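*Asks:* If you read the sequences in order, they're chains A and B. With the numbering used here, the residue at position 6 of the first sequence is 6, and numbering never jumps. With the numbering used here, the residue at position 137 of the second sequence is 137, and numbering never jumps.
Source of the hints: derived by calculation from the structure; they are not laboratory data. One or more of the hints may lead you astray.
[What the hints assert, rightly or not] Far from chain B, by Cβ distances over 12 Å, these chain A residues were calculated:
hint : residue
1    : 30
2    : 34
3    : 41
4    : 43
5    : 48
6    : 63
7    : 66
8    : 72
9    : 73
10   : 86
11   : 102
12   : 117
[Unchecked claim] Straight line, CA to CA, 20 Å or less: simulated PhoX-like cross-link-like pairs of lysine-lysine:
hint : chain 1 : residue 1 : chain 2 : residue 2
13   : B       : 467       : A       : 89
14   : B       : 467       : A       : 55
15   : A       : 40        : A       : 55
16   : B       : 223       : B       : 240
17   : A       : 76        : A       : 48
18   : A       : 48        : A       : 116
19   : A       : 116       : A       : 93
20   : B       : 585       : B       : 610
21   : B       : 487       : A       : 89
[Stated by the list, open to error] A short list of chain A residues far from chain B (calculated; beta carbon distances all over 12 Å):
hint : residue
22   : 58
23   : 70
24   : 75
25   : 98
26   : 116
Computed from a predicted structure; not experimentally measured. Heads up, the beta-carbon is just placed ideally off N, CA and C, and yes, glycines get one too.
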Amino acid sequence: MPVRLLIVDDEDDVREFAASFFRKRKIEVVTASSGEEAVKIVVSQEPKIVLLDIKMDGIDGIETLKRIKELNKQIKVIMITGRDDEEAKQKTKDLGAYGYINKPLELDELEKMVMKLLEK
Amino acid sequence: MFIVMEITSDPNIKRFSLFSLAFAIFFFVSCNSPLFIKGVVKYAPYFTVVPGPLYLLFAIYFGLSYGYATPKLLKIYSGSKSHRRNQLKYIIIAFFLAFMAGTMHFLAAYRIPEIFPHDILVITFTLIFAYAIVRYRLLDITIALTRASIFVIVYTLVLGIPFALAGFLGEWLSIHIGQNWWMAPLVLMAILATTGPFLYIYLQRKAEDRLLKEQKRYQDTLKKASLGMTRIRDLNKLIKLIVHVVAKSVRLNFASIYILDNDDVLYRLGAEKNKSNALVSEISSTSSLINWLTKNKDALVFEEIKRQMHDHTTEELEDLRSQMLSIDASVVIPSFIGDRLLAFMVLGEKRSGEIYSQDDLSVFTVLANQAALAIENARFFEEAKEMQEQIAQAEKMATIGTMADGLSHQINNRFHALSMITGDTMDTIHLVDMSTYTPEQKELITQIRHSLERIQANVVQGGEVVKGMLKYTRKGDAGLMAITLDKVLDATLEMVQYKIKLSMIDIVRDYPKDIASVVGNLTQLQEVFFNLIDNAYDAMMERKDTLKEEGYRGRIRIYTENVNSGFLTIHLEDNGIGVKLEDFKKLFTPFFTTKVSSRRGTGLGLYVIKKIIASNHGGTINVSSTYKQGTRFTIELPMHN
Chain A
1 MPVRLLIVDD
11 EDDVREFAAS
21 FFRKRKIEVV
31 TASSGEEAVK
41 IVVSQEPKIV
51 LLDIKMDGID
61 GIETLKRIKE
71 LNKQIKVIMI
81 TGRDDEEAKQ
91 KTKDLGAYGY
101 INKPLELDEL
111 EKMVMKLLEK
Chain B
1 MFIVMEITSD
11 PNIKRFSLFS
21 LAFAIFFFVS
31 CNSPLFIKGV
41 VKYAPYFTVV
51 PGPLYLLFAI
61 YFGLSYGYAT
71 PKLLKIYSGS
81 KSHRRNQLKY
91 IIIAFFLAFM
101 AGTMHFLAAY
111 RIPEIFPHDI
121 LVITFTLIFA
131 YAIVRYRLLD
141 ITIALTRASI
151 FVIVYTLVLG
161 IPFALAGFLG
171 EWLSIHIGQN
181 WWMAPLVLMA
191 ILATTGPFLY
201 IYLQRKAEDR
211 LLKEQKRYQD
221 TLKKASLGMT
231 RIRDLNKLIK
241 LIVHVVAKSV
251 RLNFASIYIL
261 DNDDVLYRLG
271 AEKNKSNALV
281 SEISSTSSLI
291 NWLTKNKDAL
301 VFEEIKRQMH
311 DHTTEELEDL
321 RSQMLSIDAS
331 VVIPSFIGDR
341 LLAFMVLGEK
351 RSGEIYSQDD
361 LSVFTVLANQ
371 AALAIENARF
381 FEEAKEMQEQ
391 IAQAEKMATI
401 GTMADGLSHQ
411 INNRFHALSM
421 ITGDTMDTIH
431 LVDMSTYTPE
441 QKELITQIRH
451 SLERIQANVV
461 QGGEVVKGML
471 KYTRKGDAGL
481 MAITLDKVLD
491 ATLEMVQYKI
501 KLSMIDIVRD
511 YPKDIASVVG
521 NLTQLQEVFF
531 NLIDNAYDAM
541 MERKDTLKEE
551 GYRGRIRIYT
561 ENVNSGFLTI
571 HLEDNGIGVK
581 LEDFKKLFTP
591 FFTTKVSSRR
601 GTGLGLYVIK
611 KIIASNHGGT
621 INVSSTYKQG
631 TRFTIELPMH
641 N
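Using the sequences plus the hints, can you model the full thing?
*Replies:* Below, the structure is given as structure tokens:
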């Protein structure tokens with residue numbers, strides 16, 4: 001079974017191009033435009049890695065992370081945030097997030113992190 | 001006697017004066033009668049009169065008048081202030097000489113030899129009066145003369161006509177009216193005595209209106225102006241108006257006003273009219289001029305100082321004189337609110353060359369006190385306005401902060417999307433196998449890749465700009481974590497070095513290296529220490545500038561204690577100027593600031609600090625300070641574990 005990557009972001013462009021980037025690397029990508037949708041996909045499709053935007057309408061990234069972790073502790077979640085936010089960093093780390101990346105990110109940076117995860 | 005009547009308003013004296021005038025007229029009418037003076041004989045070395053029986057009565061009248069008036073004068077003298085005192089001194093001396101002259105004259109009439117020619121005394125008496133009038137502004141001479149003349153003329157008529165009627169026309173009347181002829185002068189006297197006072201008052205008012213027309217005109221103007229003053233709220237406009245009105249209506253060659261500065265250290269030239277060449281823009285509140293005004297609470301007249309110096313020169317008078325010269329003052333009028341000298345008005349000479357009368361000075365004093373109220377009023381209004389502006393400014397900054405926060409997120413998201421698009425496209429191109437492509441196609445792809453790389457670089461740069469902006473908005477994240485004092489201080493010094501010169505002072509960290517961490521928020525604690533160090537720096541610079549001590553160097557010492565379990569006590573101590581006792585209670589009040597204008601704070605620093613420490617960290621902050629020695633802030637923060 002190919003590795004499944006879930007990209008959660010309320011920006012269409014971000015979802016489209018990030019998905020395109022990883023698909024070219026033979027990774028199966030699913031996307032969700034909200035926290036609620038992401039939780040449903042986690043239940044139905046069990047992705048191995050999640051790229052999760054912290055700031056979203058509806059339930060935010062931190063809450064989504066909490067719910068995902070409640071469902072499955074094994075899922076690796078990489079948080080993506082708009083700014084250097086010590087508090088959010090600490091909180092998501094406590095909740096079991098794997099990593100933390102600041103926007104705007106360069107895709108190679110993200111690729112490195114994802115690839116490192118996949119090597120494990 | 002009449003002078004005493006003019007100086008006081010005691011009705012008894014007026015009555016006594018009338019009584020004595022009646023006597024004087026009586027003696028005047030009868031001076032040709034042998035009952036009064038029988039003749040003149042040579043009584044070596046002078047001539048003297050041969051007294052009749054009435055003459056003795058006249059001598060007694062003379063003595064009584066003097067005996068009555070002198071104690072009154074002495075009483076007024078002892079209760080009078082400098083200027084009046086001088087005037088009275090000369091009146092008393094002159095009267096004494098006159099009395100001596102009179103006494104000798106009478107004694108000579110009764111063949112007791114004069115020890116000194118009394119005529120010389122009479123001349124001296126006149127000279128002293130003339131001197132006092134010219135030099136000591138002894139009464140406004142025209143007014144005094146007019147009043148006295150009207151009084152004498154009116155009552156000479158009232159009392160004199162019936163006597164004259166009786167004396168000269170008695171026979172004629174007795175022929176025509178018969179036995180009861182004496183009724184006619186009596187009736188006439190009754191009528192005249194009734195109308196006399198009215199006539200006197202009427203004539204006096206008319207005469208004074210004419211004489212004091214000019215003075216009355218500007219006094220009225222000033223009174224009206226002083227009523228309107230409190231309505232003006234702009235301080236600058238107000239003092240300009242005061243100076244303008246005074247200078248113009250009184251026709252002065254110069255006028256200015258000095259106002260107490262905000263920090264109570266000096267009086268600053270607020271406005272001036274008809275610029276003088278020697279203008280001092282600041283006067284220290286410890287100068288002799290201010291001391292004099294505060295002590296005497298009265299108008300200060302330059303002529304007066306000169307006069308006093310004439311009597312005896314003191315260093316204080318010398319100081320006053322030169323200070324008044326330096327501000328071109330003929331008169332200085334203080335404006336008090338309670339005991340606080342709020343301002344003073346400086347008046348130059350009148351264009352007419354006339355002197356300042358007592359009436360003038362009292363009108364100016366009323367004006368000055370009204371001005372004090374108006375100034376206080378305007379100041380209060382301006383302060384309130386300024387405070388409102390500061391609040392508005394703080395609110396604006398807060399709004400901008402919030403906006404920038406939201407805005408930067410939006411911009412960041414756009415950059416993020418852009419980064420994804422360019423990143424993925426670059427990646428797509430990168431993965432393309434170009435071996436089959438023509439050189440033109442390869443060239444095209446290279447160009448596209450270069451463009452994408454440039455877009456990506458710009459996006460990253462844009463992201464840095466936004467990050468910087470977010471740092472400035474510094475929206476207080478409420479999150480607390482374990483943090484060391486060193487880390488807080490390092491972050492603070494990095495920030496504070498842009499505002500203050502760290503090389504000018506010493507900052508000593510006097511605490512063990514292995515000190516426990518506190519539970520706090522770095523950004524907020526940075527704000528706290530930033531403000532404390534910034535304040536300490538200002539205080540130390542102020543001490544350096546004001547106390548000018550040899551070898552002084554600012555020093556901030558930061559040391560810790562473990563007083564309360566679970567809390568770390570941090571002391572931040574400086575050797576700056578310290579806090580004045582009266583300001584101490586207001587330290588944590590919002591918008592309270594003592595910083596001088598050039599580095600003036602918003603007055604929000606300590607208020608915000610207290611909020612951060614108490615509300616956000618559950619700690620405490622206290623301060624102790626000694627003026628001219630230094631200040632110590634003590635902060636308690638919860639320790640980590």
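*Asks:* Against which earlier hints does the structure fall short, listed by number upward?
*Replies:* 10 and 11
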